[in-house]
Amino acid sequence: MNVLNQWAFIGVFFLLAPLLPALPIVLGGVFAPRKPNAIKQATYECGVETVGDTWVQFKVQYYVYGLIFLVFDVEMVLLFPWAMAYRDLDFFAFGAGFLFVFLLTDALFYALGKDALKWD
Amino acid sequence: MVIGGITPEAFAFGLFTILTLGGALGVALNRNLVRGAVWLIVSLFGMAGLFVLLSAPFLAAVQVLVYIGAIGILITFAVMLTRSMTNLRERFTNQWWMSAIVAGLFFLFLLLGVVAPVWGSLSPDQAPAIVGTTEQLGVSFVDGNQFVLPFEVVSLLLTAAIIGAIVIARHQEEEE
Amino acid sequence: MDCINNLSLCLRHSGVDAGLAEFVSIFLGVVLVATFPLLVTILLIWVERKFAARIQDRIGPNRVGPFGLLQPLADVVKLLTKENITPTGADRPIYNLAPPFMVAAVLLIWAVIPLSPIHYGVDLEIGALYFVAVASIGTLSVLMAGWASNNKYALLGAFRVVALLISYEVPLALALIVPVMLANSMSMVGITEAQWGMWFVFMAPIAAFLFFIGSQAETGRAPFDLIEAESELTAGFNTEYSGMKFAMFFAGEFMHVFTNGVLMAVLFTGGWIGPFVGELPLIGLVWLMAKASVWYIIALWVRNTLPRLRIDQVMLFNWQFLVPLSIVNLLVTAFLLQVIKMAGLTPADPGNFVQNIPQTLVLLVGNLVEFGGVLIMLRNRGRRERIADAAKGLSAPVHAVGD
Chain A
1 MNVLNQWAFI
11 GVFFLLAPLL
21 PALPIVLGGV
31 FAPRKPNAIK
41 QATYECGVET
51 VGDTWVQFKV
61 QYYVYGLIFL
71 VFDVEMVLLF
81 PWAMAYRDLD
91 FFAFGAGFLF
101 VFLLTDALFY
111 ALGKDALKWD
Chain B
1 MVIGGITPEA
11 FAFGLFTILT
21 LGGALGVALN
31 RNLVRGAVWL
41 IVSLFGMAGL
51 FVLLSAPFLA
61 AVQVLVYIGA
71 IGILITFAVM
81 LTRSMTNLRE
91 RFTNQWWMSA
101 IVAGLFFLFL
111 LLGVVAPVWG
121 SLSPDQAPAI
131 VGTTEQLGVS
141 FVDGNQFVLP
151 FEVVSLLLTA
161 AIIGAIVIAR
171 HQEEEE
Chain C
1 MDCINNLSLC
11 LRHSGVDAGL
21 AEFVSIFLGV
31 VLVATFPLLV
41 TILLIWVERK
51 FAARIQDRIG
61 PNRVGPFGLL
71 QPLADVVKLL
81 TKENITPTGA
91 DRPIYNLAPP
101 FMVAAVLLIW
111 AVIPLSPIHY
121 GVDLEIGALY
131 FVAVASIGTL
141 SVLMAGWASN
151 NKYALLGAFR
161 VVALLISYEV
171 PLALALIVPV
181 MLANSMSMVG
191 ITEAQWGMWF
201 VFMAPIAAFL
211 FFIGSQAETG
221 RAPFDLIEAE
231 SELTAGFNTE
241 YSGMKFAMFF
251 AGEFMHVFTN
261 GVLMAVLFTG
271 GWIGPFVGEL
281 PLIGLVWLMA
291 KASVWYIIAL
301 WVRNTLPRLR
311 IDQVMLFNWQ
321 FLVPLSIVNL
331 LVTAFLLQVI
341 KMAGLTPADP
351 GNFVQNIPQT
361 LVLLVGNLVE
371 FGGVLIMLRN
381 RGRRERIADA
391 AKGLSAPVHA
401 VGD
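Chains as they are written, first to last, in our numbering: chain A, 1 to 120; chain B, 1 to 176; chain C, 1 to 403.
No lab work stands behind these hints: they were computed from the structure. A virtual CB, placed ideally from N, CA and C, is assigned to each residue, including glycine. Be aware that a few hints might be false.
[Claimed, not checked] From the structure, some residues in chain B lie toward chain C, with a derived Cβ separation under 8 Å:
hint : residue
1    : V34
2    : P57
3    : F58
4    : L65
5    : I68
6    : G72
[Said to hold, decoys possible] Residues from chain C that keep clear of chain A, each with C-beta distances beyond 10 Å, as calculated:
hint : residue
7    : L7
8    : L20
9    : G274
10   : P281
11   : G351
12   : V354
13   : P358
14   : I376
15   : R381
[As the list claims (entries may be wrong)] In silico DSS-like pairs for lysine-lysine, Cα to Cα no more than 27 Å straight-line:
hint : chain 1 : residue 1 : chain 2 : residue 2
16   : C       : K50       : C       : K82
17   : A       : K40       : C       : K152
18   : A       : K59       : C       : K152
19   : A       : K35       : C       : K152
20   : C       : K152      : C       : K82
21   : A       : K40       : C       : K82
22   : A       : K114      : A       : K59
Starting from the given sequences, assemble the full structure and let the hints guide the process.
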């Protein structure tokens, strides 16, 4: 089995994976009754009429979480190949990995110290 | 393995190119920012497919993980921070002729700078087979003679990014 | 995968065009791998309801079929005949795409899971990374669903959940690096086969613990079920969904919990490894499912007994405790592996149980020391907080507790 065939499998999987769950939804569309009316389709807010716009402005906190997640994501991505080759590597590799992680942990503690990751 | 005269690779390449370019067009032409973000994700996904075809499965996974999983979400968060841009009914005016000219110029520079020097010197036969290279990548990250310095510098850069983000966010909160 | 190759070969011998034969065999392979978890999910609905009922001292479904076993089918029929209500002002294309993508994100994980020594979708070189990458698609579909619904609660719920999901992805992935390091391979097949001698849960219990908590949070279940904090957010990001689309979110969740069990089994308790696997490869599937079920039941147990945490507690628990712990754990394991190598304790034959004992002992003791350190730190912190609270007069001084 060559490598490209593996990816062909993944490719077909990606095409098929959303279609399988879509099937019952389409079936439901066939069997389900369809009697729309304005009140039924109104936005559900526990029976109270909606006030104002849905798409409100969010606080900057979410963006900070997003950014920190992005940074750790990149870190993880770079650590995976390191971990994969790790058992063939020497102490120098441990040192390099340690320094890499240490610098980022620094940033994490800075964020914690500034209460940037606190939800309020 | 050939179906109807088109190799699966060629078919996949066509599909991913359409996804990439179509997604990019969607971003450029859509007047709603969140829908634009969704189109951007489509485009980035096409890029991930192209990485697989270029025998870089690791980069493809990184593309999905970092660009689709993290940056896609980050962009949506950023959009939600800007009031009224997310509203489905509201449209933002985009001076797209200006952007088109600037983007076109950039593309031209890219063609001249990156593609022109190697144009014609590569033939399809030279394309390397798709092989596993991730372990070599890991070794080269921590090899003193290869990329250990860039590896650590990346870490420093990421640290700077976190600190910068926090400083800016706190500054904004104080202004409110 | 051997099966796929054999099928392709068989088709070719029966005179089918080579390309077509390959395509057909790959397609059938995908259908097989993708429908398996979907079928399991139907049974899981019953298991889940029955188990929750027993914990809550109820009987649970018992009317349809023996022991209520046919209840899921009745559920499906009911859901099929429920009206699909699309709220006015929803962004229809995105609104409709979100539920199938939620399920797809979980289904895609199964492509790399080794079900038995010879039955698996694909053996990707970057399997572990593929899992993390694919899981992030689920996060996106939550965001899509919340945004497209045109409902404040849905949007607010989606935002909270996404913040939670991306936060817990960090310790999850950092814990995942540990088995990759131990197996010296990112492929799921490689990780399974590296556990012939010793399960990784004995070498890296803390990583297993972190991965379990992270995956529990990724499914958005109690104690992390901010997804549907009913009292605050109506029903969270899926408030405006009904009928089969709503059901798909739940099918995705049920499947996700079981998939996490399977992942725990593959990464930490040896996957399909068990007696008689050599003679009869298909029995590996039984071992895998048995191990996965144990983890699955633990997940259900946690879900049904722990109360929901507040979002600020959840976030703080992650960033102040889980992320630092996962980083420390990663570095400790990396250090110990080098020590093991220097001391010459690396087993000559990784598949031999006895030869694996020395390095397992070193790693286990390392993990225990780490765990002890964490406990001491938590104890000191708790005491500091109690003293601070007492100083503020928030509660009576508590000399008796912990001292």
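Here's how the hints hold up against the structure:
1. Given hint, V34 (chain B) at the interface with chain C, holds; its Cβ is 6 Å from that chain's nearest Cβ, closer than 8 Å.
2. This hint holds: P57 (chain B) has a C-beta 5 Å from the nearest C-beta of chain C, less than the 8 Å allowed.
3. A distance limit of 8 Å between C-beta atoms decides the matter here; for F58 (chain B) the minimum to chain C is near 6 Å, and the interface restraint holds.
4. Because the closest C-beta pair between L65 (chain B) and chain C is about 4 Å apart, less than 8 Å, the hint holds.
5. Taking 8 Å as the C-beta cut-off, the interface hint given for I68 (chain B) holds, the closest approach to chain C being about 7 Å.
6. At a threshold of 8 Å, the smallest CB-CB gap from G72 (chain B) to chain C is about 6 Å, leaving the interface hint in force.
7. Every CB of chain A lies more than 10 Å from the CB of L7 (chain C), the least distance being 12 Å, so the non-interface label holds.
8. Its beta-carbon lying about 13 Å from the closest one in chain A, L20 (chain C) satisfies the requirement of being farther than 10 Å from that chain.
9. Residue placement check: G274 (chain C) keeps its beta carbon more than 10 Å from all beta carbons of chain A (closest about 25 Å).
10. For P281 (chain C), the shortest C-beta to C-beta distance to chain A comes to about 17 Å, beyond the 10 Å cut-off, and the non-interface label holds.
11. With a closest Cβ-Cβ approach of about 15 Å to chain A, G351 (chain C) is found to remain outside the 10 Å limit, as its non-interface label requires.
12. The claim that V354 (chain C) lies off the interface holds: its Cβ sits roughly 20 Å from the closest Cβ of chain A, which is beyond the 10 Å cut-off.
13. The non-interface label for P358 (chain C) is consistent with chain A: the shortest C-beta to C-beta separation is roughly 16 Å, beyond 10 Å.
14. For I376 (chain C), the shortest C-beta to C-beta distance to chain A comes to about 19 Å, beyond the 10 Å cut-off, and the non-interface label holds.
15. No Cβ of chain A approaches the Cβ of R381 (chain C) within 10 Å, the least distance being about 13 Å, so the stated non-interface status holds.
16. With a CA separation close to 24 Å, the supplied pair K50 (chain C) and K82 (chain C) stays within the 27 Å bound.
17. For the hint linking K40 (chain A) to K152 (chain C), the alpha-carbon distance of about 17 Å falls within 27 Å, and the restraint holds.
18. About 15 Å separates the Cα atoms of K59 (chain A) and K152 (chain C), which keeps this hinted pair within 27 Å; it holds.
19. The hinted pair formed by K35 (chain A) and K152 (chain C) meets the criterion: a straight-line CA distance of about 25 Å does not exceed 27 Å.
20. Restraint check: the Cα-Cα separation between K152 (chain C) and K82 (chain C) comes to about 24 Å, which is no more than 27 Å; the hinted pair holds.
21. For the proposed pair K40 (chain A) and K82 (chain C), the alpha carbon gap of about 14 Å is at most 27 Å, so the pair holds.
22. Restraint check for K114 (chain A) and K59 (chain A): satisfied, since their Cα atoms lie roughly 17 Å apart, inside the 27 Å limit.
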